[in-house]
Amino acid sequence: MGIAKILVPIWGAMCLGHCKWIDPVQESKDRDNGSVNLIKFTTEEFTDPHVDVSPDGKTLLFDVLGNLYTVSIHGGTAKQLTAGSYWDIKARYAPDGKKIAFVSDRSGKIGLWNLDLLTNELQQQTMDRPSGWMHIRPFWTPNGDLLDMDSGGLKRINAANKKDPINNIDEGRRVYYSGTWSKDNKNFYFLKNNAVYRTGHTDGKTSKIWEEPDKKPPNLRLNGIMQADISPNNRYFSYYAVYYDSLTRREFCFLKIFDLHHRALVAEIDSMPTDLRPNYAFTADSQKIILGRKGRLQYMELLSGKLGTIPVTVPVEKEITPVLKPVPKKLADTGNLVTKVIRWPTYDKKNGLLVYSAFGKLYSTDMKQNRTKRLTDNTTSFEYAPALSPNGSMIAYTTWNDSEMGHVMMVSSEGGSPIQVTQNAGRYTNPTWSSDGKEIAFIVDGTETKYGIESQHTGPNFTGYRLRLAIASIEKGEIGKCVELAPMGTLPARFYPVPEWSRNGQRIFVNTYSRLHSRPVLLSVDRPEMDTVEQLLLPLADEVRAGPGGNQIAIIKDNKLWAVPWPKNTGLGKPVSIDLSKYVPITENMPVYVTWSDDETLMWAETNKILEYNITNGRPPKTLYRLRVGEPMDTPKGIYALTNVRIITMQNNRVIENGTIVIENNRIRQVGPKSEVQIPKNSMVYALKGKTVIPGLIDVHAHYHNHFSELWSGQNKNYIGNLAFGVTTIYDPSSNNLDGFGQSEMEKIGAILAPRILSSGKPIEGRGFDSYIENFDDALNIVGGYAQYDSGPVKEYLQPYRQQQKWLQIAAKRLKTTITSHFTGNGLIYNGLTRVADGYTAIEHQLRNGRTYGDIHKFIAMSGVNYTPTLTATPGLGNRYVKDIEDKEPKLDRFNPFFIIERERYKWEKGLMPNLKEYVDKSLMWNASAIKNIIGQNGLVSVGAHGNGFPGLNTHWEMWSFTLDGLSNYNALKCATVNSAKKIGLDQELGSISPGKLADLVLLNSNPLTDIRNSSDIYWVVKNGKIFDAEDMKQYWPDLKELLPWSWRKLDIDEVP
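Just so you know, we're using this note's numbering here: the sequence shown kicks off at 5 and counts up by one.
Treat the hints as calculated values from the structure; they're not laboratory data.
Among the clues, some could well be false.
[Stated by the list, open to error] Under the rule of at most 27 Å between Cα atoms (straight-line distance), these lysine-lysine pairs were calculated in the DSS-like manner: (1) Lys1001 to Lys329; (2) Lys1001 to Lys892; (3) Lys334 to Lys921; (4) Lys365 to Lys613; (5) Lys693 to Lys1038; (6) Lys626 to Lys353; (7) Lys820 to Lys333; (8) Lys693 to Lys892; (9) Lys887 to Lys911; (10) Lys693 to Lys911; (11) Lys209 to Lys196; (12) Lys372 to Lys613.
[To be verified] Computed Cβ-Cβ distance ranges for the label pairs, DEER-style: (13) Gly80 to Asp188: 31 to 37 Å; (14) Lys685 to Leu802: 57 to 63 Å; (15) Asp891 to Gln460: 21 to 27 Å; (16) Pro879 to Gly80: 38 to 44 Å; (17) Val689 to Leu832: 56 to 62 Å; (18) Lys685 to Pro1049: 36 to 42 Å; (19) Glu680 to Leu335: 26 to 32 Å; (20) Thr313 to Arg239: 22 to 28 Å; (21) Phe902 to Thr313: 31 to 37 Å.
We treat Cβ as the ideally placed atom computed from N, Cα and C, and that holds for glycine.
Sequences are here, hints too, so could you generate the full structure?
Pasting the structure below:
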């Protein structure tokens, strides 16, 4: 059978009979003026295909990489039935063998399709649905009706694609999702409460015929049964049974075959996948069952239980969108860096004065004079959260110092000497003046964060995170009664609540998270008693600011800004809910730090622009001012040479024994054998015989921005831990926008000690109405918001429809940025593979919680996508690396409190439990095998440790895990250097050792080519030309510097959480 001509309906349309069709691949080509690549290879390995047998028993129908194939039931070379970049799966023959029905995303959403095998005519059979691959199936009745399930129940799809209800089936939903229909049309079967039921088609009588045992030796407990089928002679009944092992937290899936005549179990097949649960089929003579298993098409003889393999070769031809490769970047390292991160802007309209925080310093801009200046000469603390007093004469703000903590401060709006308001040092933010200017309300962070460590709170949505609303007199600084608060959600962009005084000064409004209502609320706090009332139920937002007049609420959520009327009180004594779906956003261009200039005017920042909007006149927002605040890039000056070293250049397998590297300022000037390198006369020379030099490691899945939000530290233990273990660049594919982008700027100017920082910003999530992408312009606008910052690849996450993920990729290409995605979205490998087919730059996380085979490995390798497995996120990985924690404990103790080390050790030691160890070992080996196969076919695999475990050390664990199935040490190092640099578009600047590149290096005491674990035996770290002792992060060049004392060292034993 030849390849069918694939005609596809307009996205979102319902096809009734014959429709006007368009090809989304061609549409993509026309729209993006690009091309389509055809991947061609031959494979004898297939990852869990769905299988069916033709009614005449001669042909197998199955899917590989989203295309449908047929082959003789005896095996041979398969013939391709469908083509394109679409994902076609779960195909089933009609009873007469003339048609097939299958599930596909070819319209841009997941739906049910029908292909006439004689005419090659293709029709869409059901409306598209977002429920996913597992909640739709082709279901033929014995008389050739195709069934569908919707909110109205079980229905037939007739010849005109209209639906007729089937009213005589009480358990229609169970029949559709997990049941089957006897081939003689007399009975239908369904699964309920882990039992098999049969209902007569004519008399409607239902009886239980089998119940699956609740337990299975040695320690498995039944989790559910599903996906039933029945043999052509109506004798054998089959289903999947999924069991759960609580010790390993692992599911086991068995295909069970039951004899209906004797009511006995006939056969059982183990090692079935727990995620995909692929279709299987009985042969026409009811003697065998055919299934995809262990990378092959297999059969089982029902009477003997014998398993065999059907030899099948598949010539794959798969269309894909060309991978979106990064445009190589040249990093600026001289001159001034102009910030794009303006925070806490506040505006004195009368005097035309803007006050804000940038680069951790307090600035003011006189808009009338077009003059910008710093307001203090403070060099020992960061300055955050400025707020103008009601008369504009004073500015309240907070400070932060890593050793001494901080205070609420005041300074004249003209600048000058600051005045300390609070008496005791702490972690304070968001000061707000009372209307009479005599008091300041602010937020107190009472968690361990004030000691420079992550909060050790418990509770979902940060409900255990100890925050307080406090009020201090500006004259005495005394703090009276406080109100307990929590952040609005797990990680809002404005992590800390923002208090807002009423005009009469008798009330304070502040956002918090309500345990009572399990959602954010606006809290009303009465003065002076500090009694509280939960007044408004809020959406899960990033920022909420109550208007000073009590008439409006400003809300930022998912990079959009709304101003909504204050809802009227119901009089029932319950808080009123705000529903944003009723309102149109003011802007969708990533507004941040919104505030009210007066009752009618909102002001906010978008990168370095300050915008305002009058809520009464309805005119578009206008740019109030474009700020240009710059700081010099941090570039050391001088020249030195590293001599007598082994240099693993990571270029064309070149290793230089007894080599020399000359570094000038922050770049590599010369590299080569010692005899060939001329060292400049004015150089500092370091003789380092026995040391091995590799490029600085690059961790491209590093979640380190979920703590210390908004109030950034100059000495962050996570950043310094990474540097100490040789990680000189990190990319975080999920962070608050300004936490990631802002700290990247701080690193560039030397305000914080950290690796180079790249971030995706907040993921583009598919959950929630206001993040829904309805068209290409939506996608373009969303990606454009991130592209205005110098971000890493943007992160797409759980978009429900194929068309949405396509639009995002096209938008990223148009805006000259790149895009990555969470690979196992919704737990199914199809969601990741379609993103590969759509030309995504990279994919994050392991391919699946199970084994993958040659078809997927070749597909990923040939696509050009950059794959970051994050094996360190595997539960129980500690069985391999607990000993390494013990060996590195003296070093870890320098950068981590002892109780953090003990807790991490305990968490990783759980991987030593025998049952869990066996599973983790197997899982790691499967993944290591996939990595080796992908790299062996010139695929790109990069290293990302997910932020799990100890910062920096975890990157080595990830890299070491790559070698478990025989990947060479050199290739593992390549993954952590060159390949990681390629993912973020920095391979012309980082990732290998050659003249002109940035001087990011790791000097090792031992050779990692002989033992990969030598990669963590580090002598020096060179980052941006600066030399650090890896043991204590003392800086040796260009001058001597030591770390400040860690504030957690001051903790009393009674204060240890």
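Here's how the hints hold up against the structure:
1. Straight-line distance between C-alpha atoms of lysine 1001 and lysine 329 comes to about 20 Å, which keeps the hinted pair within the 27 Å bound.
2. Restraint check for lysine 1001 and lysine 892: not satisfied, since their Cα atoms lie roughly 31 Å apart, outside the 27 Å limit.
3. Using a Cα cut-off of 27 Å, the hinted pair lysine 334 and lysine 921 is violated, with the two alpha carbons roughly 45 Å apart.
4. Only pairs whose Cα atoms come within 27 Å are accepted, and lysine 365 paired with lysine 613 is accepted, the gap being roughly 18 Å.
5. This hinted pair checks out: lysine 693 and lysine 1038 have alpha carbons roughly 21 Å apart, not beyond 27 Å.
6. Between lysine 626 and lysine 353 the alpha-carbon distance is near 15 Å, which keeps this suggested pair within the 27 Å criterion.
7. Between lysine 820 and lysine 333, the direct Cα distance comes to roughly 11 Å. Compliance with the 27 Å bound is thereby established for this hinted pair.
8. For the hint pairing lysine 693 with lysine 892, the CA-to-CA distance comes to about 24 Å; that is within 27 Å, so the pair holds.
9. Distance check on the hinted pair: lysine 887 and lysine 911 sit about 13 Å apart at the alpha-carbon level, within 27 Å; holds.
10. Taken as a hint, the lysine 693 and lysine 911 pair is broken in the structure, with Cα atoms around 39 Å apart against an allowance of 27 Å.
11. Distance restraint check for lysine 209 and lysine 196: the Cα-Cα separation of roughly 16 Å lies within the 27 Å cut-off, and the hinted pair is therefore satisfied.
12. For the given pair, lysine 372 sits about 16 Å from lysine 613 by alpha-carbon distance, which is consistent with the 27 Å threshold.
13. Under the hint 31 to 37 Å, the C-beta atoms of glycine 80 and aspartate 188, about 32 Å apart, fit the expected range.
14. Between lysine 685 and leucine 802 the beta carbon distance is about 59 Å. The supplied range of 57 to 63 Å therefore holds.
15. The hinted window of 21 to 27 Å between aspartate 891 and glutamine 460 holds, with their beta carbons roughly 26 Å apart.
16. A C-beta distance of roughly 42 Å is found between proline 879 and glycine 80, which places it inside the suggested range of 38 to 44 Å.
17. In this structure the hint that valine 689 and leucine 832 lie 56 to 62 Å apart at CB holds, the actual value being about 57 Å.
18. Between lysine 685 and proline 1049 the beta carbon distance is about 40 Å. The supplied range of 36 to 42 Å therefore holds.
19. About 28 Å separates the C-beta atoms of glutamate 680 and leucine 335, a value consistent with the hinted range of 26 to 32 Å.
20. Between threonine 313 and arginine 239 the beta carbons are some 25 Å apart, a value that agrees with the proposed interval 22 to 28 Å.
21. A C-beta distance of roughly 55 Å is found between phenylalanine 902 and threonine 313, which places it outside the suggested range of 31 to 37 Å.
Hint violations for this structure: numbers 2, 3, 10, 21, all remaining hints satisfied.
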